[in-house]
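Residue numbers (our numbering), protein chains in the order written: chain A, 7 to 231; chain B, 7 to 231; chain C, 42 to 266; chain D, 42 to 266; chain E, 5 to 273.
Calculated directly from the structure, the hints in this document are not laboratory data.
Beta carbons: idealized from backbone N, C-alpha and C, even for Gly.
Take the hints with a grain of salt, since some may be wrong.
Pair by pair, the computed Cβ-Cβ distance ranges are [to be verified]:
(1) A/E75 x E/V55: 52 to 62 Å
(2) D/R47 x B/L16: 53 to 63 Å
(3) A/E62 x E/V55: 35 to 45 Å
(4) A/E62 x C/G261: 52 to 62 Å
(5) E/G92 x A/K129: 30 to 40 Å
(6) E/K143 x D/A231: 45 to 55 Å
(7) E/F62 x C/I159: 29 to 39 Å
(8) E/V55 x D/V174: 30 to 40 Å
(9) D/A147 x C/A147: 17 to 27 Å
(10) E/K143 x C/V170: 19 to 29 Å
(11) A/T28 x B/A116: 54 to 64 Å
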Amino acid sequence: MQLSNAVAVLGQFPVLAGADLTVHRGEIVLLQGPNGAGKTSLLRLFAGLLPLARGEGTVLGCDLRTNRESIRKRVGLLGHANGLYADLTVTENVRFWGATVGATSAEVDAAMVRMGLAQRLAKVPVSKLSAGQKRRTALACLVARRAELWLLDEPHAGLDATGRDELDATLREATAVGATIIVASHELERAGALATRLVEVVGGQIREKAGSGGSSASAAIDESA
Amino acid sequence: MQLSNAVAVLGQFPVLAGADLTVHRGEIVLLQGPNGAGKTSLLRLFAGLLPLARGEGTVLGCDLRTNRESIRKRVGLLGHANGLYADLTVTENVRFWGATVGATSAEVDAAMVRMGLAQRLAKVPVSKLSAGQKRRTALACLVARRAELWLLDEPHAGLDATGRDELDATLREATAVGATIIVASHELERAGALATRLVEVVGGQIREKAGSGGSSASAAIDESA
Amino acid sequence: MFRTARLVAAKDLRIELRSRVVTNQVLPFAAIVMVMFAFALNTDAVVERVAPGLVWLATLFSLLILVQRSFAIETADGATDAMRAAGIDPAGIFLGKALALAAELAVLEIVLLATAVILYRQDLRASGVVLLVSTFLAATIGLALVGTLYGGLAAGVRGRETLLPLLLLPVVAPVLIGATRATEAALGTAGAVVADGWPWLGLLGVFVALFSVGGTLAFGPLIEE
Amino acid sequence: MFRTARLVAAKDLRIELRSRVVTNQVLPFAAIVMVMFAFALNTDAVVERVAPGLVWLATLFSLLILVQRSFAIETADGATDAMRAAGIDPAGIFLGKALALAAELAVLEIVLLATAVILYRQDLRASGVVLLVSTFLAATIGLALVGTLYGGLAAGVRGRETLLPLLLLPVVAPVLIGATRATEAALGTAGAVVADGWPWLGLLGVFVALFSVGGTLAFGPLIEE
Amino acid sequence: MTDNAVTHQQVIAAAASPAPTVAGTGQRRASASGTPFTRALGIATIIAMAVLLLFGLFLSPADVVQGESVRILYIHVGTVWVAYVAFGMTAISSAAFLWKRTTSLTWDRIAGASAEVGVLFMALTLFAGALWGRLAWGKFWVWDARVTTTAFLFISYIGYLAVRGLGGSHQQRGRRSAVVALLAVLEIPLVHFSVKLWRGLHQDSSVADTTHVKLHDLMLFSLFLALVAFTLLYAWLVIHRQRVMAMQDALDDKGLDYALQQRRREGDL
Ligand code: HEM
Ligand SMILES: Nc1ncnc2c1ncn2[C@@H]1O[C@H](COP(=O)(O)OP(=O)(O)OP(=O)(O)O)[C@@H](O)[C@H]1O
Ligand SMILES: Nc1ncnc2c1ncn2[C@@H]1O[C@H](COP(=O)(O)OP(=O)(O)OP(=O)(O)O)[C@@H](O)[C@H]1O
Ligand SMILES: [Mg+2]
Ligand SMILES: [Mg+2]
Numbered sequence: 007m008q009l010s011n012a013v014a015v016l017g018q019f020p021v022l023a024g025a026d027l028t029v030h031r032g033e034i035v036l037l038q039g040p041n042g043a044g045k046t047s048l049l050r051l052f053a054g055l056l057p058l059a060r061g062e063g064t065v066l067g068c069d070l071r072t073n074r075e076s077i078r079k080r081v082g083l084l085g086h087a088n089g090l091y092a093d094l095t096v097t098e099n100v101r102f103w104g105a106t107v108g109a110t111s112a113e114v115d116a117a118m119v120r121m122g123l124a125q126r127l128a129k130v131p132v133s134k135l136s137a138g139q140k141r142r143t144a145l146a147c148l149v150a151r152r153a154e155l156w157l158l159d160e161p162h163a164g165l166d167a168t169g170r171d172e173l174d175a176t177l178r179e180a181t182a183v184g185a186t187i188i189v190a191s192h193e194l195e196r197a198g199a200l201a202t203r204l205v206e207v208v209g210g211q212i213r214e215k216a217g218s219g220g221s222s223a224s225a226a227i228d229e230s231a
Numbered sequence: 007m008q009l010s011n012a013v014a015v016l017g018q019f020p021v022l023a024g025a026d027l028t029v030h031r032g033e034i035v036l037l038q039g040p041n042g043a044g045k046t047s048l049l050r051l052f053a054g055l056l057p058l059a060r061g062e063g064t065v066l067g068c069d070l071r072t073n074r075e076s077i078r079k080r081v082g083l084l085g086h087a088n089g090l091y092a093d094l095t096v097t098e099n100v101r102f103w104g105a106t107v108g109a110t111s112a113e114v115d116a117a118m119v120r121m122g123l124a125q126r127l128a129k130v131p132v133s134k135l136s137a138g139q140k141r142r143t144a145l146a147c148l149v150a151r152r153a154e155l156w157l158l159d160e161p162h163a164g165l166d167a168t169g170r171d172e173l174d175a176t177l178r179e180a181t182a183v184g185a186t187i188i189v190a191s192h193e194l195e196r197a198g199a200l201a202t203r204l205v206e207v208v209g210g211q212i213r214e215k216a217g218s219g220g221s222s223a224s225a226a227i228d229e230s231a
Numbered sequence: 042m043f044r045t046a047r048l049v050a051a052k053d054l055r056i057e058l059r060s061r062v063v064t065n066q067v068l069p070f071a072a073i074v075m076v077m078f079a080f081a082l083n084t085d086a087v088v089e090r091v092a093p094g095l096v097w098l099a100t101l102f103s104l105l106i107l108v109q110r111s112f113a114i115e116t117a118d119g120a121t122d123a124m125r126a127a128g129i130d131p132a133g134i135f136l137g138k139a140l141a142l143a144a145e146l147a148v149l150e151i152v153l154l155a156t157a158v159i160l161y162r163q164d165l166r167a168s169g170v171v172l173l174v175s176t177f178l179a180a181t182i183g184l185a186l187v188g189t190l191y192g193g194l195a196a197g198v199r200g201r202e203t204l205l206p207l208l209l210l211p212v213v214a215p216v217l218i219g220a221t222r223a224t225e226a227a228l229g230t231a232g233a234v235v236a237d238g239w240p241w242l243g244l245l246g247v248f249v250a251l252f253s254v255g256g257t258l259a260f261g262p263l264i265e266e
Numbered sequence: 042m043f044r045t046a047r048l049v050a051a052k053d054l055r056i057e058l059r060s061r062v063v064t065n066q067v068l069p070f071a072a073i074v075m076v077m078f079a080f081a082l083n084t085d086a087v088v089e090r091v092a093p094g095l096v097w098l099a100t101l102f103s104l105l106i107l108v109q110r111s112f113a114i115e116t117a118d119g120a121t122d123a124m125r126a127a128g129i130d131p132a133g134i135f136l137g138k139a140l141a142l143a144a145e146l147a148v149l150e151i152v153l154l155a156t157a158v159i160l161y162r163q164d165l166r167a168s169g170v171v172l173l174v175s176t177f178l179a180a181t182i183g184l185a186l187v188g189t190l191y192g193g194l195a196a197g198v199r200g201r202e203t204l205l206p207l208l209l210l211p212v213v214a215p216v217l218i219g220a221t222r223a224t225e226a227a228l229g230t231a232g233a234v235v236a237d238g239w240p241w242l243g244l245l246g247v248f249v250a251l252f253s254v255g256g257t258l259a260f261g262p263l264i265e266e
Numbered sequence: 005m006t007d008n009a010v011t012h013q014q015v016i017a018a019a020a021s022p023a024p025t026v027a028g029t030g031q032r033r034a035s036a037s038g039t040p041f042t043r044a045l046g047i048a049t050i051i052a053m054a055v056l057l058l059f060g061l062f063l064s065p066a067d068v069v070q071g072e073s074v075r076i077l078y079i080h081v082g083t084v085w086v087a088y089v090a091f092g093m094t095a096i097s098s099a100a101f102l103w104k105r106t107t108s109l110t111w112d113r114i115a116g117a118s119a120e121v122g123v124l125f126m127a128l129t130l131f132a133g134a135l136w137g138r139l140a141w142g143k144f145w146v147w148d149a150r151v152t153t154t155a156f157l158f159i160s161y162i163g164y165l166a167v168r169g170l171g172g173s174h175q176q177r178g179r180r181s182a183v184v185a186l187l188a189v190l191e192i193p194l195v196h197f198s199v200k201l202w203r204g205l206h207q208d209s210s211v212a213d214t215t216h217v218k219l220h221d222l223m224l225f226s227l228f229l230a231l232v233a234f235t236l237l238y239a240w241l242v243i244h245r246q247r248v249m250a251m252q253d254a255l256d257d258k259g260l261d262y263a264l265q266q267r268r269r270e271g272d273l
């Protein structure tokens, strides 16, 4: 992933005001920064949802200005919203989102077990879940997608202690098989331990910080994703 | 506040299955527990939004079964949703929610300053805010209400580091003037430091934990609220 | 109660001023409905005979949309919940929302009547003006009251887009009939006499009285969980 | 594309099976609209003459509600965004949602036609059956296609409740006209001959062809940010 | 947006001062959208209108059946044809905007400007038609096929303008509205052939009808003049409107530069 001097606009407002960032394959990058700094916007830009107004960028080798469609197929985004269908059960939701990318039913089941949804909750409609249970379901949908680039917007919010551990384990596994992960979070204690690199977003721009070096995935692999 | 053997039902599901809890005036109680344990439901019960199916309870001296309306006027609830009007500006939202309880415009302004919304953001429509900025606005609406009992459902979610500090300071001030606060949160590091008492909710029941003793408000005042 | 009503009505009208939904979209919609009716009935003579009925039918369909919009504002981010939790007087909410709705409806009806006069060739006559104006007033208030009552009931329920019309249309049938007959009398459609209109206006009056009292009392229990 | 379409259609229909919104709410609504028309047009002879027009008008209004519901499902928790982010083929989404909508509309129309035969005393005749069935098929598919296209445009926009009818109604006017005339011919309303109906069916055919191709191509750009 | 308001004020102030030119539109003065060409076009329009008045009101004869009221024809038919042209232009520009190799906001702006002028002309058509209807049929409005389909067409383009006003980025505005425009233009044939499809009250095609020419030569010439005059007016309005839109967009871009600075400064606080 590479961004140079990226500007993105919502309405009239420059949510990103010249951001430069390079992320290598296998890294877990933590985006932090004050409210309204542009973290969510940066993730949406990477996911190909927000058009680039100025500057340049490539994601997984695809140009962000010309080739946004092909990026999306390989990227998984967990936004502030969960994107679940309230009338369907947990299993049906995970299965639907898995099926859209051709996940097998074994993969779907594995994702549900991973997020602790395989028991009582499997057949409960999403409308009856608690906030944290919904978040878990959304994560399971994401896990079932097996994306190459994971973009997570405050994934820990609403999860309980075990949920957080499960999530962290899942993310580490994903990087082990070559995925790259970008996490935006305000929970520095939690996400900081996970991340291989800390990046601060302020005023739509990016300030690099010294890596926390929680794992060593990034040092080993150094090809630009 | 007092609950004894409280049972509350949503649909057919007993979200609270015999909860016992006593909270004293001036305390800051932290509710923790796994996803779906019943924390949100407990807060809604205290706010008079969820009817009591069995058991007994009083809040601020009012009976939860017979007198729910009079409780609500004195309670402030921040739920998972923010309850803001997307087309109105931040100021208009805070002013509206303040006005419904007769807050003066000075109090409204103070609440906005408290949550760091008094500058650029004051005139921005809520639809254009980032997730954390919305949460701040919702908190400002709550602060403007000056409730006697504050019920906060994951108030830290989405807030940045300064926002969290501001919130903690606000809560401490509120207890200093006699308010009681119940917080449900998964961020134990953060909320644990604030709370005077830790309570664990599991399976719709309550397990007391040793108080973390962050402040000493509870020890001094010991009248049942 | 009236202070709350004023606050709520002011808020709703301000949101309308910001979003301009009624002006820019409901008005053209109502106009299209009128054109559509006339077209479906293609014969000229028929259209002229039933013009007042068509005006009120178009008003009803627009009412559905207006009510939906009025409560979409509230439920979008859980504001209804927040209102209940804040202990705001439900009677005040009811009257306030009905007031705002009546104001929007009134604008709409004036346009519809003007369209009818031009498109459907109705004649205004001096002797019918008092009847016409009082009919429009009574019908507007009546519709706004019922609309708010059932809108509140349907709001927050899943499938509210469809539940509302189902509930609302049968109840407003008397308004449709009464207002149609009274308008026919006032305009002298198909040779109707002004004197024939007054009993129908009486019907409307009863309707208004019923729903202003009934609605004020029933709204609280209706929006209660 | 077709696999995606199947998935999406299956999901929509399953949601309908779970929530039973069409069966329990839209059907009664449509029936009420028919009764309402009969009321507003009070003279018997008129109703009998324009019955086919009324059937199609009622279908149009139900279409509005169905489309709204169909996209409310998607926007409620940000599923549209999730779909875009997941790189799901927009043409597939379009066809899938249109398919589900067509299925729901078909059920609705059968009920409406039955109501018309009973309430408005229309006669079915053997010679018109082929024309009648093909008209219903063509009109249903056409309406579902346009409805989905404009529903996708209006989804997620503020004030969507009102934008949708504004855009949709003028476009479906040809369907209304064509289907009404063809149905009149098939039923022999007011002495119409079956042979008169075929050119109108041709018009419907052109409409369907146009929107199936146009919609498939245009849906992507429409829902893009 | 507070800082956007500031932005705009500042940029407007900058634009009002004599020195800078607004990028991309190539005027000498940034505060106007006129050029020598448009001025010439404007003058030509005025002359054509004057000649039209002369022919329409004085030189062309009254109709055998309709009398003096036939003179409304020149406004009625002149405006409707130009409205068709305008909507056609909207469709073509929209297609050009959507076509990958020509994607440019200029096309989007031409489409929008043309639609606005088209709606204006269509309103004139309806107005003149209604007045004429009062004289010819005794009623302002009849539920005749062409009259009704015209109303639908008119409303469709109001919807188109509503879609343009939805907000979002310029690209998003362009894409959405282009799709709507390409669908709405299909109603024009419906309006045109509606008289054939349903035999209604409204005049059948009387000009292009080669079998029996009904119109007096001078009437035909006046009609032609009307066409020319309204087309000139259309061109003049669209060019100006499109330039004003370009200036607004350029203003947004200038505003963007300023907003970018503001945004970058957020972090320093
Ligand atoms: C509000 C009422 C009316 C509307 C909306 C209306 C609309 C139109 C439209 C859209 C056209 C262009 C048709 C085409 O070539 O595609 C047209 C043409 C024309 N209209 Fe009207 N019209 C109205 C009233 C009248 C009246 C009252 C008359 C005269 C009795 C009239 C006479 C004509 C004539 C002579 C043409 C040109 C014929 C042709 O080339 O098709 N119109 N009108
Ligand atoms: N349509 C819009 N018009 C104007 N400003 C907007 C618009 N949308 C977003 N903004 C502004 O742009 C910024 C959006 O930032 P973004 O949502 O990326 O923040 P974030 O870093 O994710 O914040 P948070 O931590 O609160 O989630 C906010 O300051 C917001 O006020
Ligand atoms: N209508 C319903 N029918 C059945 N079960 C329900 C219904 N509503 C909620 N539940 C269940 O009740 C529990 C609700 O718990 P609650 O929302 O209070 O949890 P919580 O402790 O706040 O969890 P979280 O930490 O995830 O926010 C969940 O297990 C949920 O599945
Ligand atoms: Mg964010
Ligand atoms: Mg909860």
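Looking back at the hints listed earlier, which ones does the structure fail to meet?
Violated hints (numbers, rising): 2, 3, 5, 6, 8, 9, 11; every other hint is consistent with the structure.
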